[in-house]
Amino acid sequence: MRLLAALVLAGITAWAQNLQPVVIRGANIVTVSGPIIAKGTLILRDGLIEAVGTNIPIPPDAWIVEGEGLTIYPGLIDAASNWGMPPNLAPGPGRGGQNVAPPARGPEDRPATTSWVKAADELRVADPRFERVRAAGFTSAVVFPMRGIFCGQGSVVNLAGDKPAAMVLAPSAGQFLTMSPSGNGFPAALMGTIAYIRQIYLDARYYSALKDAYARDPRSMRRPDYDRALEGVLESKRILLPASRVVEIDRMLRFAAELGQPAILYGMQEGFRATELLKNVKPNTSVLVSLKWPERPRDANPADVDSYRDLELRDRAPSTPAALGKAGIPFAFYSDGLDQPRDLQKAVNKAIAAGLSRQDAVRALTLTPAEIYGVADRIGSIEKGKIANLVVTRGELFEDTTKVEMVFIDGRRYFTAPEADTSASRAPLTRENER
Amino acid sequence: MRARFFTAALTCAMALRAETIVIRNATILTVSNGTLKGSILVRDGKIADLGDQIKIPEGARIVDASGQYVMPGIIDCHSHIAIEGNVNEPSVSVSSMVDVRDVIDPEDISIYRALAGGVTTANILHGSANAVGGQTVVLKMRWGKPAREMIFEGALPGLKLALGENPKRAGSPSAGVATAARYPATRMGIEDTIRQAFLEAKAYKAKWDDYNARSARGESVLAPRKDLKLEPLKEVLEGKRFVHVHCYRADEILMLLRLADEYGFKIRTLQHALEGYKVAKEIAAHGAGVSTFSDWWSYKVEAFDAIPYNAAILQRKGVLVSINSDDAELMRRLNTEAAKAMKYGGLSETEALALVTLNPAKQLGIEDRVGSIERGKDADLVIYDKHPLSNYAKVQKVFIDGQIYFDRNEESKNWNAKQAQKQNLLQKERAN
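Taken in sequence, the protein lines are chains A and B.
Taking my numbering, the leading residue of the first sequence gets 1, the next gets one more, and so forth.
Taking my numbering, the leading residue of the second sequence gets 1001, the next gets one more, and so forth.
Chain B with its partners taken away, still in its complex shape (with noise of 0.2 Å):
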């Protein structure tokens, strides 16, 4: 029975997957090109065509928005949902050689609940207690998917590294981890920590490139020890991985990118980075973008400085930002998060949008599958019932690739259902 459902579900999916839609009437917040009235042909997961002239084709499936809002789908930049166990491998200060693809847990509700909210890709990052943390992944918020489907197919992985209080924390005495005190404790060890973990990636990459040039001139020689930890380090000097610091204060922003200028590679994000618009222009000069929170502040002693102001000054000094929210919670309304930049800051409407659509995109590198609603991009749309930067929107359906992963109208309808399933699960249990 079960498996027949099975069956049944995926056949539904694959008929969806080729199932051609006509968004129509719906206003349309492009993001990349203005705002415009008129409908949406999506096609094969992707974006057909746009416009007011959309002829509809036969047998489309039609979705009728008249009233409502289309967006992209949010990025969120920074997030730890869908993770099985600890989000950090907290025994050691160099945790390269975790990655957070291994323990993706497809089944968990927070891909739901961020779904519900608008999210249609996540940048899923290890935690911040190790000065060099763990591999990260860009995922699709593709509930129902096993968790190889929900990766964001070629995005490129990250390296997440932390500055400050979190990464230096478990190696203070005071800190009652349950782990023994480690280095670094201060600020200083946590730069000479990355400086450590990078100047042994440079050696274990020289060994490699010599053992790859000699088997090339048909050498026979034995290969190196392959290095989980160093692994990842290596790609970063290689440019094949980018690196996420989550990190606060304006002199370790310099810090890092002094180091990794020294290097010789590029910090792609930093995260939160709550002190930023002191060094805007520096940050540009690296060519980092910044994901930071919108206005949250003071919850530590490194987040005194925080102003709202922090997304619209680093956007103006040309920094490419973007908005997270490293939360479950606050996931779900990230669009909000994005309009308060518009009170803090004036930024326009396009460019808060962008804080948490196409600037994300941009930032992980996969601006051309999704971030904006353009021909031939990835059919990853939320429709509103309200402008998006209203308090009062409310997601009504979401698309990834053209397919519907969050309906609210079925979603209530099934509610009733469900509770009563759970009721008789409890009363069943309880007979026995």
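Bound-form chain A, shown alone (with noise of 0.2 Å):
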């Protein structure tokens, strides 16, 4: 065995990048979209799955992995994230902080609101995270600016690459929206910003109106003023609310459908309780469940008695994907500030362990996420013409037992570091790390 990890990491020094194929041969194949392939066989080539199956002729040039005992999965997604986002996006008008704007006085100021800004833009390639995270067995992340009323529009990317551009998969995912007051004038309750929100749809709509009836006949008619901010929600494909309690679930879920806004809820804590309300819902709306499950905080005073509604919402809050797995309706998990290993893997198996299949939940971190941003023809599962972003551990995934021996972004090999070293590494994400 011992002698086998060597051969691999001689090979690996000698192969050289994406000019030769990559075969992964005798693994047990989770491909998501269909049946596990046992002691199947890979073959990566130029970034691509080139093919996946058994007895699949191997390409003459290929670099052979031997995969006896690995277990190869699609590369996990994190559905809405902040990895790679710089911590503070340039202020904006009403932006709280060290803000220089005066506060905002109403919908007009545009407050807390960045629409056009888009995280592909924004990517740090050296965030430290990317590496954590990929011991994860994360290879993609739908990342967001997530400062703001109107935060931004995320992009699917890649957690690994030599340039921003071309980590990049998808650049607009969706419009990110929170409800937090914008810390600087209007608006400073729940009320107003969905108020704010409301009058900024009304307002594109409008706009959009004014446009296109200048772009008819420019003649006798003043122009529109041009407005970043409802350029960037009108080229929104879909918006992403915040939605926990089952009665925000139910308010966002009314207002997703007011605003005509295809819609992804995120939060979910109190899911297990709104299956319901979500099983009838369009199919253009889609649930993300935060990974960050709901615990009484450190500093709680201990004489202080919790609600019972409190008490039962952290007990029950991880049962929310076996509830909506068990209900039909499809959900993917995102981070929500996570990034050490040990909690996302601790996180996820809380909900195995609150009664959420292991299939369900590697479906919830892959396939799903992959359709409901629309890029399940590229990532997402294994399949023939997808991008070979893998994860491949020894062991299922999930269990404590498991490691990340490593993964593949688009088609190259990332070796996962102990988690030891991790946390306290600030290596900047190069070459060498490669190895």
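If you are wondering where the hints come from, they were derived from the structure by calculation, not from laboratory data.
Ideal placement from N, C-alpha and C gives every residue a C-beta, glycine not left out.
Check each hint, because a few of them may be wrong.
[Said to hold, decoys possible] Chain A is faced by these chain B residues, among others (derived, beta-carbon under 7 Å):
(1) 1084
(2) 1092
(3) 1222
(4) 1228
(5) 1386
[What the hints assert, rightly or not] Pairs of lysine-lysine residues, derived as DSSO-like cross-links and limited to a Cα-Cα distance of at most 30 Å, are as follows:
(6) A:386 / A:403
(7) B:1300 / A:326
(8) A:350 / B:1202
(9) A:237 / A:163
(10) B:1386 / B:1046
(11) A:350 / B:1428
(12) B:1240 / B:1300
(13) A:292 / A:279
(14) B:1428 / A:346
(15) B:1422 / A:211
(16) B:1226 / A:350
(17) A:292 / B:1145
(18) B:1240 / B:1046
Reconstruct the complex from the two isolated chains, following the hints.
Rendered as structure tokens:
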């Protein structure tokens, strides 16, 4: 066994990137889109999956990895993430913090709005979290700017690459919204935030109508002012809305329908109570379950006794994925601030312990998020022609004893360092890390 | 398991809705038509019949109310419960774009507590921080139902205005409010702010009227921009939305009545109006209702001239008066708040009860549905063990639309089981 590992290592050193096809043979292949292939063969070439199955002829120029005892899954996808995002995007009007802007006086000041910002344009290749989460098996994420009300547009990205441009799979994945008040003038209450969002969509519709009319005949018509906030909203194909409690899920389902927007509700902590509500939602509405389960705050006063509702929420939140699974409601997981492999694995395990099948857990981190964002033709499962994003484990994913051996991103192999090192490591992602 | 429980609960609720109920041997305080001894027949959520000759239909559920009192569900004309987040949008002086309807929290425990105090309907208002506040909504206390199903079907929504200390406080440099000082900081400024808002709304309305007229003529014109701040003000000008005004002093009340007359709209209710008794005639002439406190006074400068005779004096001068709570706790005992108007001002029992039932129903324009025990009205009923105007009266059962939403027996029966469940959860969490 040790000999094999040594051989593999030696092989990688000699492996010329992207020129030589890679073959993994004799491994268990969890395709997600189809049945599990026992002792299967996988051929990767030019960053894509060239072939998958059994009895596949091996190209003579291929570099062969013996997959005995290994399991291959599609690379995991974080369905809403801030990995790779700078901690602070430039503050716009009414953004709080060190803002210089005067307080917003109303919707016309477009408070807490950076709808035109695209995650793909802000991506930091050197984010140390990339290496960490690869060790948990993540190869892609849908990353979003997450500050403000209209925070900006997310992008589907790979979690490794030489330069940001090469990491982007889909630049515009949707507009991320929060319901947080702006912190600087209007809106300062939840009802103000909702009114603001409603007004923005009314304005966007009006703006489109004006622009159309102007495009038809610009003569004898005052040209409409360019509005980047509305442009950003109009070019977003879907919106992400926060919804944790069942009251919020109900409210946001209605709100999305009112706005006429395809929507993704994120949070879902109380989703275990909302299956009836979610069963009949339109096909253009999806749900993301936060992997950050509610916990008693560490600094809580020991003398305080929590309400029944809080206790129940903390007890039952991890049963949300199982409940959604049983009700046939597709969902994806998202990291919600977690970025340590152990935390991520523990969080998924909690859902499994609360009744989620391992298979559904894998799907919620692979094919379902890919489907939600319309990139299932590229990633999310192991199929011929898809991008070679894979995670290779010894043991089943999410088992405590399982080790993520390596991940492939765009067909390139990345080894995962032991966790103790990664948590301390601030090493930027460079070729050395690829060994 | 949980899902099955919910389905069971749902079927149960549906069965309840269709259930025919007879409340018998009760003292019935109809409010609109005196007091009588007898039975109330509830069918399809409505009061089907009442009197001492009611035949019990087959299969009807019988609620024996021997020695007990039934009154119409209490209506609170001024409440801020069941609002998620801040009850004010405190950043701007004209916040008419915000709507309480958007932030209803049907799981606010205050709803259940209000229910346990006999309240079946409440006018949920935006706070009083802004000269022009937010849009308001009337809710039935249908505890356990989602937000949309709590909304009183067909009740006209309102718009909150506010005068005096609260809306000018945010403008004061010494306010200590986190937001920057804002206009207005004086009572003059408040009048100006409201006037400006309605001026803008008038222009906005004219733009839309013009557009509607032209597109009706078949002209191809672009619709004007829809402005959520001005829409509710336009609706006020069109009589499609009630105005509820937070106010205290006589001078500001007169100011607003004149402003409303000038712009051609009606003030539906003056809320608080603790100096209302000073200008009762003017209020009556405008046709505004007053929703006031029983005997709360002196908690702020503009409440110094309050007298507990306010409700009675206004009523005698021909103003439609109600007593409200403005508070989740006080909301649970509005029956005794109403009783105070008998001691101060000498109102009759029925007049006192009307202060928290029929009168607020009229003020909210829902008196054809609720506010008294009459044939055809919603079966929103409260059973008390003693006369509801007594300090010793306790709510036993509360019906909304003929469905039981609070039952003291059930509540105390479940208490121990709930406590045990909570202890289990606590222990489980500590063990982990």
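To see whether the hints hold, each was checked on the structure:
no.	hint	verdict
1	1084	holds (6 Å)
2	1092	holds (5 Å)
3	1222	holds (6 Å)
4	1228	holds (5 Å)
5	1386	violated (31 Å)
6	A:386 / A:403	holds (25 Å)
7	B:1300 / A:326	violated (57 Å)
8	A:350 / B:1202	violated (59 Å)
9	A:237 / A:163	holds (26 Å)
10	B:1386 / B:1046	holds (24 Å)
11	A:350 / B:1428	holds (15 Å)
12	B:1240 / B:1300	violated (34 Å)
13	A:292 / A:279	holds (23 Å)
14	B:1428 / A:346	holds (18 Å)
15	B:1422 / A:211	violated (59 Å)
16	B:1226 / A:350	violated (48 Å)
17	A:292 / B:1145	holds (28 Å)
18	B:1240 / B:1046	holds (27 Å)
This entry does not satisfy hints 5, 7, 8, 12, 15 and 16, going by the numbered hints stated previously.
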